[in-house]
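Chemist: The residues making up each chain are set out below.
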Amino acid sequence: MTRLTGPGAVAGAILVILALVPVPALALHQPFYLALVARIMIFAIAAMSLDLILGYGGLVSFGHAVYLGIGGYAVGILSFHGIDNGFVQFAVAIAASAMVALAIGAVSLRTSGVYFIMITLAFSQMVYFLAVSQNQYGGDDGLNIRRPSDFGNWLPLDRPLVLYYVTFALLAALLFLASRIVASRFGMVLQGARSNERRMAAIGFSVFRYRLAGFVVAGAMCGIAGALFANLTLFVSPSIMHWSRSGEIMVMVILGGMGTLYGPVLGAALYLVFESVLSRVTEHWQAVLGPLLVLIVLFARAGLFGTLAWLVSKARRRHA
Amino acid sequence: MPEPLLETRGLTRRFGGLVATGDVSLAILPGELHALIGPNGAGKTTLIAQLAGELSPDAGAIFFAGSDITGLGVPARVALGIARSFQITSIFAEFTALDNVALAVQARAGHSFRFWRPARRDPELRNPARRLLAEIGLAGRADVPAASLSHGERRALEIAMVLATRPRLLLLDEPMAGMGLEEAEELVPHLAALKGKVTIFLVEHDMDAVFALADRITVLANGRVIASGGAEYIRADPEVRRAYLGEEAA
Amino acid sequence: MPAVYRGEHRTEMIHLVEQLLNGVQFGVMLFLMSAGLTLIFGIMNLINLAHGSFYMVGAYVAAASFAATGSFLLGLAAALAAAAAVGVAVELTVFRRLYERHHLDQVLATFGLILFFNEAVRMIWGSTALYMRVPAFLNGRIELLPGVPYPSYRLAIIAVGLAVALLLYLLIARTRIGMLIRAGASNRVMLGALGVNVQLLYTLVFALGAVLAALAGVMAGPIFTVESGMGENVLILAFVVIVIGGIGSVRGAFVAALLIGIVDAVGRAYLRPLLALAMSTAAADKAGPALASMLIYIVMAAVLFFRPQGLFPPRSR
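Protein chains in written order, with the working numbering: chain A, 1159 to 1478; chain R, 70 to 319; chain X, 1223 to 1539.
Some hints could be false.
[As the list claims (entries may be wrong)] Label-pair restraints from in silico Cβ distances:
(1) R:R293 to A:R1356: 45 to 53 Å
(2) X:A1307 to A:L1450: 48 to 56 Å
(3) A:L1260 to R:G206: 41 to 49 Å
(4) X:I1520 to R:G249: 37 to 45 Å
(5) X:L1388 to A:G1297: 39 to 47 Å
[As the list claims (entries may be wrong)] Chain A stretches covered by chain R per the calculated footprint, using a threshold of three residues with CB under 8 Å from any CB of chain R:
(6) 1289-1303
(7) 1345-1355
[Said to hold, decoys possible] Using 20 Å as the maximum straight-line C-alpha spacing, the simulated SDA-like pairs for lysine to any residue come out as follows:
(8) X:K1508 to X:F1528
(9) X:K1508 to A:N1293
(10) X:K1508 to A:D1299
(11) X:K1508 to A:K1472
(12) X:K1508 to A:L1236
(13) A:K1472 to A:T1163
(14) X:K1508 to A:T1163
(15) X:K1508 to A:Y1295
(16) X:K1508 to A:L1288
(17) R:K266 to R:P71
(18) R:K266 to R:R177
(19) X:K1508 to A:P1189
Please keep in mind that the hints were generated in silico from the structure rather than gathered at the bench.
Note that beta-carbon positions come from the ideal geometry of N, C-alpha and C, so glycine has one too.
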């Protein structure tokens, strides 16, 4: 137990809570919460994948939601053409997201600063319009999906509880993978490039190829989230790739704590719960969220995860 | 005279109407500590930037161990064995001192597309890093975040990082700038210890350090070489004294 | 036979001229959006996602005033005044604190502003789109060349846009304020050290940018739908223009805006028929519109490949 540091404890707690949510939800006959938390976990994957390149890599990529769409449409389009096999659908979702990330990254990463932000935004808009123009796949109205991905009889994704735990398993697995990545040699290069790009070149690193690899990995992970989302809602539309979605994902990363991986999980929960609660209070909830966001950015930039972790460490030290 | 390790021929660089580097031809011999001195604004940093590959010359060529490297970028030159320190210390502020040097070691330890093993527990990176920190006198500060180090310690850290890339030629851009008298004195023996192991091209204002360390000296003024030769010869040269009269008084 | 042949060519020519003019008209509107944005970025190093909100405010205020008073010009004046007021208010309360911050913070804060403005117009004017008609005195067609009629309203947009471009050029190149703007763009700190009231300069530039965006919004009112969120589509195109033109360069914004406008208009009109020459009509029907909507971004990618800093890159700071 002595090895459980502040951050480790909070991370562990998050996973335990997520694993146990179905218990009270089903006991109290409130299956709605299963869907809500599943949705939170899906966006947690998306936010965590963004944190990889934003928090650790320092790349302000505004257009990350595009991979949610690609993953979702992979499932949707394949299903439309009668291909329901889950393995195929998810493999295509990952591959397509990776390839698009490779293409966008190859052009965008040659620029930096504000150019990079604008360009990633522009490319995501391009993919959005591409989806809107595809009328045979529903265009602007979106595409209904007949059935969830088929993983055989032992994993029926049409049962909410199964989908919940599959999502949870993927979230946990991807969090673990991401934590290995950021601690690895590759992760060091990404963080070094964020910290001091000039020094990286001076010790002999060609930073571009590592950033591109990070970009692709993040895109692929987000594609998985997109495929899961298609399974959750049995619907996919261009709006999931709208630039405002990308903004929302970025807000989740910041709220929860940049550069922490588990922070974005908290951020996704916070944001979606807040949105859910606030939208019941007033239909003009965005007029509240907007200024709140401005205030947070101006005055309270540290994230939630860091604060919680710090509190836990403080408590432990007092009892040590 | 042995084959020079680094040689420039007619190197020229202009910024608009200003000639920052004017037809500079110099040779750095292997194993020596070659100092570059000159009054402020002489173009020393511009010259170093061109040698390192950050700036491309308008005319002239640069040769390293006989091959033309004029067109190569910074990482390519680093791969060949040319490393540099910056006039304003450039390190990774959020990493610890040990992480900083380990990252530099990592740059030379094959490719970094390794996604699984934690880098902070990799002996292939940590052990050489600790050794380098010890050599430069920072062994006790290994786990301190670089941002918390003193100015002199950061300078030393940068040199440790530069050494980690196992260079053949070290370009040091005013390593003692901003250091107090004591700190600067402490750095001199470390640099002296490096002589012979690696060729050093030192740009420095601190004349005590320069004359204590340099084998040969080149003097730059207004972008041009006004004298070049052994340390004692330069010390006595009247033209050099004239160029520096104002500097020495200040 | 020959007469018909000549006639066909004629309609094709007219069609092409029409599309080119549409492109110039769109380009000129993009220029108005981008000019302010690139100046704000170049001088204050501030990325402002909420710039589209000024465009929207301009459109809404003009549409509402025009409908209430019946006078287009009054609507225009009200819109520009409102945009200037909102611009100054936002600059004083929010942007002032963002200048020294990281771009990420600026992106997040201005994203928050977008959410607020989009909802605010819904609260004030409802969720359905406002209708804005073309003012009577511009409702007609002018024959540019015999047999080439073109809507007067669109011609007016082109004329106003070009006039503003000229005025901007004169302002920046020939006046003292323009000199301060150019100086501020290359060295902000120095400017402050010389005793110039940098804060006031910033506020003025900001207001100017807001007014230009609002002007574009007013002009867009009768052509595009006046609805919540209308600013963001144009904003992203303005980003594309700035990236292609080079950040901080008004000249670059002008060239790039016209380029984008023309490529977009001509692309939408001619890509499908062009593709139909090389592939089946069915395939061209699918690929044409898709490619047309992506064309601008492909052009951006192409330009960036050769010039990552745009056509007129900023000089060293």
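Chemist: Next, verify each hint and record whether it holds.
Modeler: Structure-based check of all given hints:
no., hint, result
1, R:R293 to A:R1356: 45 to 53 Å, "violated, 28 Å"
2, X:A1307 to A:L1450: 48 to 56 Å, "violated, 24 Å"
3, A:L1260 to R:G206: 41 to 49 Å, "holds, 45 Å"
4, X:I1520 to R:G249: 37 to 45 Å, "violated, 58 Å"
5, X:L1388 to A:G1297: 39 to 47 Å, "holds, 41 Å"
6, 1289-1303, "violated (count 0)"
7, 1345-1355, "holds (count 7)"
8, X:K1508 to X:F1528, "violated, 30 Å"
9, X:K1508 to A:N1293, "holds, 9 Å"
10, X:K1508 to A:D1299, "holds, 17 Å"
11, X:K1508 to A:K1472, "violated, 61 Å"
12, X:K1508 to A:L1236, "holds, 18 Å"
13, A:K1472 to A:T1163, "holds, 11 Å"
14, X:K1508 to A:T1163, "violated, 56 Å"
15, X:K1508 to A:Y1295, "holds, 12 Å"
16, X:K1508 to A:L1288, "holds, 11 Å"
17, R:K266 to R:P71, "holds, 17 Å"
18, R:K266 to R:R177, "holds, 18 Å"
19, X:K1508 to A:P1189, "violated, 42 Å"
In the structure shown, a violation is registered for the earlier hints numbered 1, 2, 4, 6, 8, 11, 14, 19, in ascending order.
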